[in-house]
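Protein chains in written order, with this note's numbering: chain A, 1 to 228; chain B, 1001 to 1274; chain C, 2001 to 2234.
Derived from the structure by calculation, the hints contain no laboratory data.
Using N, Cα and C, we set each Cβ at its ideal position, and we do this for glycine too.
Warning: the hint list may mix true and false statements.
[To be verified] Here's a subset of chain C near chain B, in silico, CB distances under 10 Å, partners left out:
no., residue
1, SER2086
2, ALA2088
3, GLY2089
4, GLY2095
5, GLY2178
6, ASN2180
7, GLY2183
8, THR2185
9, THR2196
10, LYS2198
11, GLY2199
12, PRO2202
13, LEU2203
Residue-level listing of the chains:
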Amino acid sequence: MLPLQLESLSFSAGDTAIIRGISARIEAGPRTIVLGANGAGKSVLMRLCHGLLRPTGGTVRWQGSGCQAMVFQRPVMLRRSALENVVYGLRLAGKSRREALLRAGDVLEAVELSHRTHSPARVLSGGEQQRLALARAWALGPDVLFLDEPTASLDPAATQDIERLIAAIHASGTKIIMTTHNLGQARRLGDEVLFLNKGRLIEHTPIDRFFSHPASSEAATFLKGELP
Amino acid sequence: MIKARGILAALALAGLVSAVPALAQDKSITVASTTSTENSGLFKHILPLFKKRTGIDVKVVAQGTGQALNTGKRGDADVVFVHDKTKELAMVKAGDFVNRHDVMYNDFVVVGPKGDPAKVGGSKDVVASLKKIAYAKAPFASRGDKSGTHAAELRLWKAAAVDPASGKGSWYRETGSGMGATLNTAAGMNAYALTDRGTWLSFKNRADLVISVEGDKRLFNQYGVMLVNPARHAHVKKDLGQAFIDWIVSPEGQKAIADYTINGEQLFFSNAGK
Amino acid sequence: MTDLSEAFAAAWTLIAGFDAELARVVGLSLRVSLSAVAIATLIGLPLGALLAVGRFRGRQPLIVLLNAMMGLPPVVIGLVVYLLLSRAGPLGAFGLLFTPSAMVIAQTILIVPIIAALSRQSIDDAWREYEEQLRSLGAGPVSAAMTLVWDTRFSLLTIILAGFGRAAAEVGAVMIVGGNIDGVTRVMTTTIALETSKGDLPLALGLGIILILLIIFLNALAAVTRGFAQRRYG
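Generate coordinates for the entire structure from the input sequences, incorporating the hints supplied.
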C-alpha cells in the first residue's frame, strides 16, 4: 500500500480550516510519529489518511490496495468476550468463523491476554482493553497501523506494555503511524517525525535530527514548551 | 442475534394466530345493542338459552343507540337491538334495516337526591316534574349522547315546553356518556337524571340518589330488534341473524326476557306482536 | 377510604379464587399486548437502528416526526383503525372489526413509534461511541446497525418492556376497535371502564390494582435486567 502520497490535503469543518494544504510522501519502513501542539490537526490528519474523514481539498493516494487498521485513545469494545471482539474484526474482513477463532486465539496469546479469552471485554482494565484493541487490529495483518494517542489514558506500567506491543507489531512488518503527546515515547518508538502546526506540515525529518536540531522556529518553541 | 429475531417473529405470529377468531367456529353473529341493555345484565341471562336452542354464539357490542344504529348501517353488525322506535322505523324506511319487530319494553324513571330540592318526589307526572326541576334550576345530569335514553329525555323536555339548552353550563349538565357514567356523575353532583329502570336496579354507586318520579305512561321505553339489510351488505349473516330475531320474539324468547329479575323485580316486559 | 379497602378485598377475592372470567380477561390482555409489542419490535427496531446509523436527506425531520408520534392519543388511533376496518371502510372485506386482531393492529400502531424513537435514541448514543471503531474495522451501515442492536440489547429490552406497558395500560384504542364484547374482546382496561360505568367501583378498582401490579412487575423486571447486564458485561 505504501508509499502513501498526500497532495495539498485540506480539511475544513464549516468555516474553520483544520488542515491546510499538506503534501508529504510517507514511505514503508520507518515508524512515523505525528507531533504538534493541541489543535494542530494531528488526529484529523490521521483520520483523513485512514479514510474516516473525507478531505475537502487535495488527495490521499495509496499505492495499490491492502489492509489498514486504527487504534484509538479509548478502546471501543463490544459487549462480548475478548475473544469475540477479535473474531468480530476478522469476520468483517471475510474470514470464516473457524479461521477467525484460531487466529484470534493466537493473537490473544501473543499479547498475553489468553487468561482473559472468555472474559467480557468491558470488564477488563484500561490497559488490558487497549492491549485487546491492538490484538484486534494486529489479527487483521494490516499493512499500516494508525494509533491515535494510544497510551494517553493509561498508567506507566500499562504504557510500557503497549509500547512493547507496538514494537512487536512493527517487527512483524506493519508500518506504524502514531500521534502522541509524550515526547519521551516519541523518541523511544519513532524513526521519523511529521511536525504539524496550525494545520500545516512544518517538518518531516528523522527523529534524532528533529529533537537535536529542529529546523523551524515553531518546532523549537514546541520542544521547549512541552514537558516530556 | 438472528435467532432472537426468529423467536420474536414466531411469538408474534403465534399471538396473531391465536388472536384471530377461529374460522371453524363460524356459528356466531354480532349484535349491536345499547349500554343500558348490556349493563342491566339481560344478555347474560338470555343468550345462554339462545345458544342452547340454536348453537349460535352472540357477540354483543354495547354502544349508545345512535352509535349502534350507525354500526348496523355500516354493516359492522348483523343485528341491531336498541330502543328508539322512531329512528328505527325511519331507518327501515331508508333501507338500512329489514324485519323490524317490537321485543320488549321497560320504563324510565327519574332519580334524584334524597333532599329533593325541586320537590318532585313521589310524583307520577314526569312532564310537570321536569317543569319544576327547570324552574328550581336543580342540577340535572343528561346523557347528551344521542342514545335512546337521551332521545326520550329530549322528547319529555319538549312536552314540558322547556328548552334545557338554556340551562347548559349551570343546572343542566350533559355528560356525553353512557347511562352508568351519567349516574356516577349524578350521584357525585347530587343531581336528577333520567335513567332506564334496568340500569338503575343494577347500579351500585347510588350515593344519595333515590327514585323520584315513576309510573308515568310517557316513561314507557320500547325496544326493537332488526336485521341489517343483506341487500346492502352481502356479508351479513342473514340466516343466523334472523334465527336470533325469530327466537327473541318467540314465546320461548319472550318468556326468557320476562323471567329476568333483579332482587325479585322484573326489568323488562315482553310485548312482541302485541 | 372504604372504597379502597373494599377494592383490595375485591382484588384479593378475584385472584385467590382463580376467578375464571378474570383469568380470561387477563389472558386476553396479555395475548393482545404481547402480540402487539412483538410485531411492533419487528417493525420499530430495524427502523430505529437504520435511522440512527443512516445518513440521508430528511433524516432529522423524520426523527422529529417519530418522536412526535410517540404522543399519538390511543383513542384517535382507535378511531382511525375503526374507520379503516369497518365494513364501510377500505379494509372492511377482512371482517376484522370487533376482533382481537383489530386490537392487536391498533396497539401495534400505538407502540411502533415508541419502540422506533426510543431505540433510535439508544442506538444513536451507542453509535456515537462506536462509529469510528466500527467503520475502521470495515462495517457498512447495515452491519453496523445489527452490531449496535445486539450490543445495546439490554437497553432495548427495557424499551420493549416500556412499549408493552403502554399497550397493556391503554383503553381508548381497544375499546373502539374491539367493542368490549364479553368473552371475545374484553380486556382488563375495558373491563375496568365497564365496571366503573356500572357503578361497581370496588371491582373496577380491584382490577386496576391487578393491572398496576403487572406494570410494577414489568418495571422491576427491567431494573433487574439492567443490573444483571451491568455486572456481567460492563
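Is the interface hint for LEU2203/C satisfied, with its Cβ closer than 10 Å to some Cβ of chain B? LEU2203/C check passes; min Cβ-Cβ to chain B is 9 Å, inside 10 Å.
Does the nearest C-beta of chain B fall within a distance shorter than 10 Å of the C-beta of GLY2095/C? holds (7 Å)
Please verify that hint: GLY2199/C, Cβ, nearest Cβ of chain B, below 10 Å or not. holds (3 Å)
Measuring from the C-beta of GLY2183/C to each C-beta in chain B, is the shortest one below 10 Å? Holds - the Cβ of GLY2183/C comes within 10 Å of chain B, reaching about 8 Å at its closest.
Per-residue hint verdict: LYS2198/C, partner chain B, C-beta under 10 Å: holds (5 Å)
A closest beta-carbon separation below 10 Å is what the hint needs, so does GLY2178/C meet it against chain B? Hint holds; GLY2178/C Cβ to chain B Cβ min 9 Å, cut 10 Å.
Given hint THR2185/C near chain B, where the shortest CB pair must fall under 10 Å: holds (8 Å)
The hint names SER2086/C as touching chain B; please verify it with the least Cβ-Cβ distance against 10 Å. holds (5 Å)
Once the shortest beta carbon distance from ALA2088/C to chain B is found, is it less than 10 Å? holds (4 Å)
Just to be careful: measuring from the Cβ of THR2196/C to every Cβ in chain B, is the smallest value less than 10 Å? Result: holds, 7 Å to nearest chain B Cβ.
For the restraint on PRO2202/C, tell me whether the closest CB of chain B is nearer than 10 Å. At 8 Å from the nearest chain B Cβ, PRO2202/C passes the 10 Å test, so the hint holds.
Given hint ASN2180/C near chain B, where the shortest CB pair must fall under 10 Å: ASN2180/C check passes; min Cβ-Cβ to chain B is 7 Å, inside 10 Å.
Violation of the numbered hints given earlier is absent; every hint is satisfied by the structure.
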